[in-house]
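Taken in order, these protein sequences are the chains called A and B. Under my numbering, the letters of the first sequence match residues 1 to 208, in that order. Under my numbering, the letters of the second sequence match residues 1 to 665, in that order.
Some clues are possibly wrong.
Said to hold, decoys possible - Chain B is faced by these chain A residues, among others (derived, beta-carbon under 10 Å):
| no. | residue |
| --- | --- |
| 1 | N79 |
| 2 | D81 |
| 3 | E82 |
| 4 | L84 |
| 5 | R101 |
| 6 | M103 |
| 7 | R128 |
| 8 | S144 |
| 9 | E148 |
| 10 | L169 |
| 11 | L170 |
| 12 | L171 |
| 13 | L178 |
| 14 | A180 |
Stated by the list, open to error - Pulled from the structure, derived: some chain B residues nowhere near chain A, Cβ distances all over 10 Å:
| no. | residue |
| --- | --- |
| 15 | T327 |
| 16 | Y535 |
| 17 | T536 |
Quick caveat, the hints were computed from the structure, so don't treat them as lab data. Beta carbons are placed, not taken as given, at the ideal position from N, Cα and C, and that holds for glycine.
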Amino acid sequence: MKALFFPSFLCLSQESSRAMSMARKALPTARTRCDWIPVTSTGMRKGKALPASWTAGLFAKLVLCIVLLLAPLPAFAVNPDEILPDATQEHRAREISSQLRCMVCQNQSIDDSNADLARDLRLLVRERIKDGDSDGQVIDYVVSRYGEFVLLKPRLNARTIILWAMPVLLLLIGGLSLLAVLRKRPAQRTVAALTAEEQARIEDLLKK
Amino acid sequence: MIIEIGHYALVLALATALIVSVMPMIGARRGDMAMMTLATTGSLALFALVLMSFGALTWAYVVSDFSVVNVWENSHSLMPLIYKFSGVWGNHEGSMMLWLLILCLFSAMVALFGRNLPETLKANVLAVQALIASAFLFFILLTSNPFLRLDPAPAEGQDLNPVLQDLGLAIHPPLLYLGYVGFSVCFSFAVAALIEGRIDAAWARWVRPWTLAAWTFLTAGIAMGSYWAYYELGWGGWWFWDPVENASFMPWLAGTALLHSALVMEKREALKIWTVLLAIITFSLSLLGTFLVRSGVLTSVHSFATDPTRGIFILCILAIFIGGAFTLFAWRAPSLKSGGLFAPISREGALVLNNLILTVATGTVLTGTLYPLVLETLTGEKISVGAPFFNMTFGLLMLPLLVAVPFGPLLAWKRGDLLGALQRLYLVAGLSLVAGLVFFYIYNGGPILSIFGLALGFWGMFGAVADLWYRGNFGKVKLGVAFRRLSGLPRSTFGTALAHFGLGVTVLGIFAATTFGTETVTEMKPGASVDAGGYTLTFDGMREAAGPNYTESRGHFTVKRGSVSVAETWSSKRLYTARRMPTTEAGILSFGASQLYVSLGDPMADGGIVVRIWWKPFILCIWGGALVMMFAGFVSLSDRRLRVGAPSRKAKAAKVVKPGLEAAE
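Next comes chain B alone, as it looks inside the complex (with noise of 0.2 Å):
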């Protein structure tokens, strides 16, 4: 019964949002009051029916009701009750409902929290997502719906993948859609503003909220995606450049530059039809990347829940939401008044440097993901497009922005000064330079160009320490009037400075990982030892194990430095009974921020195993610096001028005349 209700409210959640995409916005060109606020009410319904539903799936995934087909297929009465509940998005009809859910919680916050949003542009905002709401609701309904029954029901489920059973999967993908769908704000604010045909500042001020927490959960997705992928896969790769990584990557990076460019928009109103143009590029990037996930269209590991015919489905509502966009834009774009001067050197300058790059790194990963496809369906012939091309060009475009990136805080708005810019990260420069070199010299090892990788590294971190001390002006007033003047900053000051510090720790990790890791493949038996990262790995032999749903062989190992024991691990290969899956389980350990990595490979013939070790060293710093970066999105939103919310647009025109304000930032 509890699914037919599921079931039915998820039919109704489509009437809801079908006259939500419709009635504000004729009431908006009305300007009808009782139309307009039908769009707060009715957001608010839609998010409750589609948490019902979603409710309904998660119980009969709890319960483990196998006569429903969606819960058979991925679910199994033993499973750890954890993987029950990731379970319902561990599979296409589940995913897309919680990639529902968070599109409809988005629409309930802009509901809830956007009081001081005009009505217009507040019931076109909402209509805009109850449209894209109304698209994936058709699609769930007519194509992937996770409430249809088996007769009879069978006794027990399928199980889950076992590659999915796990803490990372629990967590990962609503992080994920958090991020990926949070930009479908951002979309539906561009545009309600080109069906108004105004846009200024305050729309920026309204839009930053949105694009920070969107950015900020899809940063802590991507990272997070990749630990998992990491520790799960087994071999001790952290990106691989396949084509769904790269799907959540590219609205990452067009996210990116979206904080950026609307941060010109907000102070200096100016690149007002770029950055609507941007948030229209993100959010399509992510329908593109769900259309790509979910059609099966690319090969990758990822496409664990595929079907063709669903891909057609989704590419239709991708041409019909791009397509509308991008008409829209070019319709309307034209009559939005464009403002706001600028000189190249100057902080909007480098924050176009930012968004040239940044753009075009997009643009480069887009075409390296999408050109074996486009090539074969023109041509037929095949080629591929792999890590060592997209390493090559995407690193290469990224260095200039990571030299430019501690440039950026220290130059003005409107006019700066390159060169006291450059005299004031001389020193830094030279630490980083210095910090690069001590550290190649204590792991020696790996070519010597790695210095400057390393030193790249150091630099984003040092640089993001000088904006804050000449911020505080540090060393030229006394230190307590400094640290006045530093906790006097708003929040965002030091997100931004934190963000590009959690940058530089992650380029030192990958830089670090890269250069001074080793791998070590061979054959042991038990007793045999194998050197690395500074440490001895003796094996010490084999167990048999049962898990809940699996059976495993475990290999355990202990780990000396020096003849001190300091710790032991176990690597295991697993098998998943249910789908006579085996998968493996490295046994990893952490020194600081660095890993040793444990990975077991075939039984020999004559009792030996085959075990590989990577020790990886600084390898946490890659998702240290991308939590740092979240941390700094979260610091960036309690800024009290987001809080206290953006504000109107006659209040945000008296504002302006008070430059003392503008100018402490």
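Just chain A, same shape as in the assembly (with noise of 0.2 Å):
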């Protein structure tokens, strides 16, 4: 839905399309294992591999748009067909889709797109659930193949410190400086009162 069409009417705009580009290429290859697993993501991932400018990609991507424009509705989020039969093991699937992104969308979480990189995601997700990983080991294996960039909630890092403690800097900030205020006010108030006196007496000097 969001999903659906979104990707294909916004290639146009660099990060998708270029992103696009690569699950395009990636994809046929994908199929090796159990006729599902994605490629070796290191490919993928890696900026080098990204076109040096995106101005001259940009035909490319217009064929791109028009191939997709025209290729067959790609499926839905999460088909009947994808749902596991276990019913916990289905909804620890979702929880881990739900923190996935999609990498070729544009902010979505695998569990809501369509594209088909998002189908195969999740069905990698839900055979490694059914092999029994723990739902960490799932994520670990997502990431060792896609990287950090896969997370939709970052983990905390050297690279990632600074987003993570925001909220608890900004609110010492806050709070510090409010006692700060507090506790200055009253001083200040001796501080304007003495200045007040010292005008006064400055103005009975000028007068004389």
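With the hints as a guide, bring both chains together as one complex.
Right, here's the structure in full:
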């Protein structure tokens, strides 16, 4: 739905089409194991693989857009055939899926996306769960293939420390400066009173 | 010809805006009345010119003049008339025109209704407004001119993006912009105050109606956009923490904080410098939002009209205005006299807590929105910051605020009695918890912890009622006396209570919909049935149909409760012919505040079709609460004190001596 068509009509924006084109290239080779496991993602994630200038890639993008528009409609988000028979496993799969980014989409989890890659990932998550992986193991596995970019809630590390610390930091700064203001206030008042007296004295002196 | 007139009017508007942004400011310095009054007439003329230009563009859309590039790109002769109107702002150029039009509308309103403003302040405010207008006029004329022609003119247009062909688009952007851009007035007032180096309670009173109006429209605009996304995108989500949504949400958060801090300034002369800073921050976030949306710098589902070269231009505007305002602030703020003491436990103390949390929340959303962008620019590393991050951080921040909301209005100014407020709210807390429990019992399902979430919604609602209850002194005096007391209260009191009540309704809706909602994804053949939310949905079959500029295949569903047929709906998949672009139109049925949401998926080989059915209990409360908040804004705006207009500075000084009037508030 949201998923359904946004990618195609948005693909003029550099970001999405870049990712999309990679995914398109990636997919044919993707069905190597068990018919669905996506390719080694390392190639996909490398910055160098991106077109050096996006104007150069514009034509390719345009073609891609047309291809995508004329292509048969992609599948929806979770389809009946993907759903696991075990309800708890399926529930876990949904939970995990909502944490993983659909890499070819703009701002969607694989759970909401219709893209082929999202479907592949959903199946991958379910296959891993069926194989007895814990939630953490599934996520680790996906991250090892696709990199941190795939996580909608980034992990705490040196790169994301500022992101995670920001709310706490802001609260601390705000709270401390409030305390400072509250403490300073009475002092300020006495200072103000003094200056008023001084002011009067100065005026007196000036009059003389 | 009309197009050229519109184009010319836009150029004239630029000249006017430049004059209005310079002359009155000089006049205010020199005390030259003639130069200062130029601001009023100039702002009105500016609005007239921009209106004329906007009208010309609208005309081109209505008559489908495809010799205009912008019309050709975004319209189609077969499009329904309403979408020809709304299509004007359904693209980059047109939406910038709308932005400008609303900016000039606000200037004109300040010019008209600001009669009791001191001349210098009014001149400075209008000059700053005109300065913003000239920046955007430059932007439109140089990078996003909607009046460019095509030769030869094509016979048919390329159609408006189908997702935008909806009544939602007709209403959502104008409302959003009225809010977004409305904060420009607060910004201009803040900058003018900094230029004059003078700021007092009267200033807060003057800014109040503008803040309130902008906030009201922004609330409505965000709620409208959320509902539009909910029904148009076809998967039942209503908030995605999409960067573009965040872009409109951040000014709302900051604006809400501004609304509350201006109150402290007006009543207690405290938080002056902070309020000025907040006014600058709020509009800066609006500008930032415009930049994020218009430049396409962020990848998001909303970036339907983007161009990076324009991004750099807006970035410059952003840098000049935000940088300029903050520099001015750093330079002049220390010279502003800060006044007003307050005890931590008091009405103003509660409002400061509100400001602290809202500002931190704004900062968190801002960080989350920009972090991936900054990180990628600096290190080349890509990370995602999505809904799970925001739900966690923002949610945690909002909890204490939502708990604190009912306390605020019950605390007195200067020195509040927390114990007294607690005693008054004991009953409310108990009632909320019971209501949460009952609710949870009836709609059983979901984690036990959600009882507290539901109770939090009731807490907000009951707390607002309790506020009015204690103000009327119900239960202690005769009913008639209490009602008379209540009717004697200023309307802004009712505005406060209503807005807080609406917030409670929204919170309740959020928790109820997420806790008790169900989702069914299944393949259905004609005649098949599915149960959802106590209703039985029967799929009757598919049918082909055609609209003015699309074809669709629609599925018919009958909804039964027990064996009684209660409703029916169509859910369809459309193909817009001009762009060969498919969309889904969900079938949505409302039962009270709850909804059944039916969306079609892919047809299967064996004649069945994938159907997604969501049961969304009390989902309408989410937007209903926002509507109540909007209504509360209007109630507050109609307050006599705002209608009559702010007192002049002398009158204000006299008014301080009459504590009786203030105490009643």
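Subject >> chain B contact restraint for A/L178 - C-beta distance below 10 Å >> reply: holds (7 Å)
Original post:
Does A/R101 meet its interface restraint, that is, does its C-beta lie within less than 10 Å of any C-beta in chain B?
Top reply: holds (5 Å)
**OP:** Beyond 10 Å from every chain A Cβ: check whether that's true for B/T536.
**Re:** holds (19 Å)
Original post:
Can we keep the A/E148 interface hint, with Cβ of chain B closer than 10 Å?
Top reply: holds (5 Å)
**OP:** Quick one: work out the minimum CB distance from B/T327 to chain A and report holds if it exceeds 10 Å, violated otherwise.
**Re:** holds (21 Å)
Original post:
Does the interface hint hold: is A/N79 within less than 10 Å of chain B, judged Cβ to Cβ?
Top reply: holds (6 Å)
Subject >> Supplied contact hint for A/A180, tested at 10 Å Cβ to chain B >> reply: With Cβ-Cβ at 13 Å, over 10 Å, it is violated.
**OP:** Go through the hint on A/L170 and say holds or violated, using the shortest Cβ distance to chain B against 10 Å.
**Re:** Hint on A/L170: holds, closest Cβ of chain B at ~4 Å, below 10 Å.
Subject >> Evaluation of the interface hint that places A/S144 against chain B, nearest CB under 10 Å >> reply: violated (16 Å)
Subject >> When the least beta-carbon distance from A/E82 to chain B is tested against 10 Å, hint result >> reply: With a minimum Cβ separation of about 9 Å from chain B (threshold 10 Å), the hint on A/E82 holds.
Subject >> B/Y535 non-interfacial with respect to chain A [C-beta, more than 10 Å] >> reply: holds (20 Å)
**OP:** Using Cβ atoms only, decide whether A/L169 comes closer than 10 Å to chain B, and label the hint accordingly.
**Re:** holds (9 Å)
Of the hints listed earlier, those the structure fails to meet are numbers 4, 7, 8, 14, in rising order.
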